[in-house]
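Assemble chain B onto chain A, guided by the hints.
Residues per chain are reported as follows:
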Amino acid sequence: MNRIELRVYGCKKYAMNRILTLPFFRPNWNDARYLQIFLLTSFLLYGWLFLGWFEFAGIYMAAFTSCLLTQHFWARRKGLPSGSWKSAMISALGLCLLLKVNFWPWMFLAGVIAVSSKFLIVINRKHIFNPTNFGIVALILTGNAWISPGQWGSGELVVLLIGLGAVGVLFQVDRWDVALSFLFVLFLLEYARTLLYLGWSWDVLLHKFNSGTILLFAFFMITDPRTAPDSRAGRIIWGTMIAMLSFFLSQFFHLYKAPIIALFAVSLITPLFDRIFQGKRFQWLHQ
Amino acid sequence: MKIKTVSLALAILVFTQETQAFCGFYVSQAPANLFNHKSEVILVRDGNKTVITMSNDFQGDVSDFAMVVPVPVVLRRDQIKVVDRGIFERLDAYSAPRLVEYHDENPCYDYRYAPTMSMSGNSRMMEDNVQFELQESAKKQQVTIEASYTVGEYDILILSAKESDGLETWLRSNNYQIPAKASEILRPYVLSNTKFFVVKVNLEKQKESGFDYLRPISILFESEKFMLPIRLGMANAQDAQDLIVYAFTKEGRVEPTNYRTVKIATDRNVPLFVEPYFGTFYKDLFDRSYHRERESAVFLEYAWNVSPMNGVKCDPCVSPPPVFDDFAEAGVDWVSGMNAQSNVFFTRLHVRYTRTKFPQDLQFQVTPNRENFQARYVMHHPAEGDWSCTAGAAYRVDLENRRRLEVDELASLVGWTNPNYKDYITEFSVTSQTDKYAPNREDFLPAYRLPSDKDAGERGKLIILLIGTLGLAMIRWFQWRQSKFSKIA
Chain A
1 MNRIELRVYG CKKYAMNRIL TLPFFRPNWN DARYLQIFLL TSFLLYGWLF
51 LGWFEFAGIY MAAFTSCLLT QHFWARRKGL PSGSWKSAMI SALGLCLLLK
101 VNFWPWMFLA GVIAVSSKFL IVINRKHIFN PTNFGIVALI LTGNAWISPG
151 QWGSGELVVL LIGLGAVGVL FQVDRWDVAL SFLFVLFLLE YARTLLYLGW
201 SWDVLLHKFN SGTILLFAFF MITDPRTAPD SRAGRIIWGT MIAMLSFFLS
251 QFFHLYKAPI IALFAVSLIT PLFDRIFQGK RFQWLHQ
Chain B
1 MKIKTVSLAL AILVFTQETQ AFCGFYVSQA PANLFNHKSE VILVRDGNKT
51 VITMSNDFQG DVSDFAMVVP VPVVLRRDQI KVVDRGIFER LDAYSAPRLV
101 EYHDENPCYD YRYAPTMSMS GNSRMMEDNV QFELQESAKK QQVTIEASYT
151 VGEYDILILS AKESDGLETW LRSNNYQIPA KASEILRPYV LSNTKFFVVK
201 VNLEKQKESG FDYLRPISIL FESEKFMLPI RLGMANAQDA QDLIVYAFTK
251 EGRVEPTNYR TVKIATDRNV PLFVEPYFGT FYKDLFDRSY HRERESAVFL
301 EYAWNVSPMN GVKCDPCVSP PPVFDDFAEA GVDWVSGMNA QSNVFFTRLH
351 VRYTRTKFPQ DLQFQVTPNR ENFQARYVMH HPAEGDWSCT AGAAYRVDLE
401 NRRRLEVDEL ASLVGWTNPN YKDYITEFSV TSQTDKYAPN REDFLPAYRL
451 PSDKDAGERG KLIILLIGTL GLAMIRWFQW RQSKFSKIA
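Same order as they appear, the protein sequences are chains A and B. Quick note: the first sequence uses this note's numbering, first residue 1, plus one each step. Quick note: the second sequence uses this note's numbering, first residue 1, plus one each step.
The hints are simulated quantities; they were obtained by calculation from the structure and are not laboratory data. C-beta: ideal position from N, C-alpha, C; glycine also. Any given hint might turn out to be false.
Claimed, not checked - In silico lysine to any residue, SDA-like type, Cα no more than 20 Å apart, as pairs:
#  : chain 1 : residue 1 : chain 2 : residue 2
1  : B       : K49       : B       : P229
2  : B       : K461      : A       : G163
3  : B       : K357      : A       : D203
4  : B       : K461      : A       : L157
5  : B       : K461      : A       : W48
6  : A       : K257      : A       : M244
7  : A       : K86       : B       : F478
8  : B       : K162      : A       : L196
9  : A       : K257      : B       : D46
10 : A       : K100      : B       : P368
11 : A       : K126      : A       : I276
12 : B       : K181      : A       : L198
13 : B       : K357      : A       : V159
14 : A       : K257      : B       : N48
15 : B       : K49       : A       : Q251
16 : A       : K208      : B       : F226
Stated by the list, open to error - Covered stretches of chain A (chain B as the covering partner; in silico rule of three or more C-beta atoms under 8 Å from a C-beta of chain B):
#  : segment
17 : 28-35
18 : 42-52
19 : 142-149
20 : 152-159
21 : 187-201
One chain only, chain A, in its complex shape (with noise of 0.2 Å):
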């Protein structure tokens, strides 16, 4: 910026230039991962104070705090550059809104083995499993933490804004591809299993798939660009695969987790997806 680009830019310009060179204004907007935590922290505000999930506000404190702190441990580590505490917020607000504990104290667990895992659970160089995701099967595991499928209820609002919220995320990733995938074929199999075969009508279907918690998993767990294939068939097939054993999990084995476990189990095999569906790999955008 110098008298020259005043010049042939003009005032306004030149003063909106220099506005957006100041510290506040540096950060690279475009990068996605700033509309996600923002999406995310609404939905965590608005199930917080409107449906009444939590009184204590040190568990999602304890999130917030172990995530970015491993994040910090680990990239310092490994060289990062300084935007990741994004990809670790977003993390945090996953646990946050998915994962239910007794006490702060796993929730701090939670976090640093979610992290911790991106790190070190890593092949040719790319984490497999969705941060969140593994964090929430290994608390689990210990039996000390659960999910509450029907945390959101039903309503249509909710579907509304947890829709156009992620229209607005996956577009900018364009990562929409594995979400309707997911959804579309869960949908299918669903509509043949519960109103052809067993005669059951619309609105049990449709019940079930107007939970927060089913769209939440769509929009914003499996369409981490980070851990999802690299191509686009490779998305495609990836997210119908989840939505066939999700609904196999759920309908034959009763388990009422079976998004959370599919997405555990079929993670196990993306980098076979990565070997045969050559694609450009992700990154977020950076300063």
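Using the frame of chain A, we list chain B on its own:
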């Protein structure tokens, strides 16, 4: 203002009862309108083992009684029991919402009260006459009678059907007056390979038993499913039905996975004149909560760790907590005299369901949540004696403020209004004036929400929506600005 705690609790059974069928629909001969208004169920879950005990408050000619319940497997004779009704009354008394009182200490000096306990119950039952006959013509309708037992005063058949039409025909030909859409409702269960547990009363055994009421039936089975098939019970119901679930598990609280669980409002201050109307109070409170949650929530009314080794099993204790005999009756078999270290957790859920808001059967999960919870409403008695000292003036102000809050709380919790309530704020002995403060239940708004509480929730949601939209707009603006300038530079 110091508060001296004295516990006085009232346990109330709050709902009127008509004929009952749990998780099954009443089938009868006469085309009477049958309403299932309230059922009580005890659920015990241990791994894959489930015990369901269904209460039965049928009033009428016992030969008219019949019940159909879907079960996942064919039950053996030793998996079916008849238990005493008392267990339901004991669990209800133990976990019902309670009204407690505190007595303020006199700000000028202190003195002591002796604790008192009193209980009152309130329930009404209405009679319903049902005609009943049984015939068998199973083979023709492809209905297989898998098993047939006589347990206590009941004759039990376990049926499996290949087609729901066949089952419907069989039931009709045995003169069960099933509702018109029954085969549609039965179809998903038939196709899921569910068996049907059909119960009628064996008249000779019933006379022998000496009971003049029908005792609850308890069934035990192993299944991965942990659910209550409430859809079947909606078949012949036009109104909302209430269901109270008493659950016992090893790990912690039981909650539904496909519906939202809401804790009922608790620890709220209520005015003194609520005491004689507590039953109505809780009924109205539940009504309003039910409507506030858009008729689609399951309410938690009580959750407590009742392990034998756990010290405090209630606070305040309204009635004795469940002990070894109660556990045995309920079906909890992992606790006995030898095994007293085991954990037992008790949950009480209350759901009012309708066909439209509860399209799916209730699916449950056992969570490790061991937080204690109870529905408790608090009255504060003003200090007795003379408090005209200097501290008394400040106490008076506090007292009036508290009473004002209590009256507002009453309006928002249950919607009661009465022009006399403003007298309550300054009137410090209410004992003789209960009728003056009787609730004007006809006057309050039928919309279940007073304007004041409608705004509170909606305003907050609007604010969040506004902030959300603004935030999104801001982020998009930053992005646009940035992309614009990166093109220039």
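Original post:
Which hint numbers does the structure go against, in order from smallest to largest?
Top reply: Violated: none.
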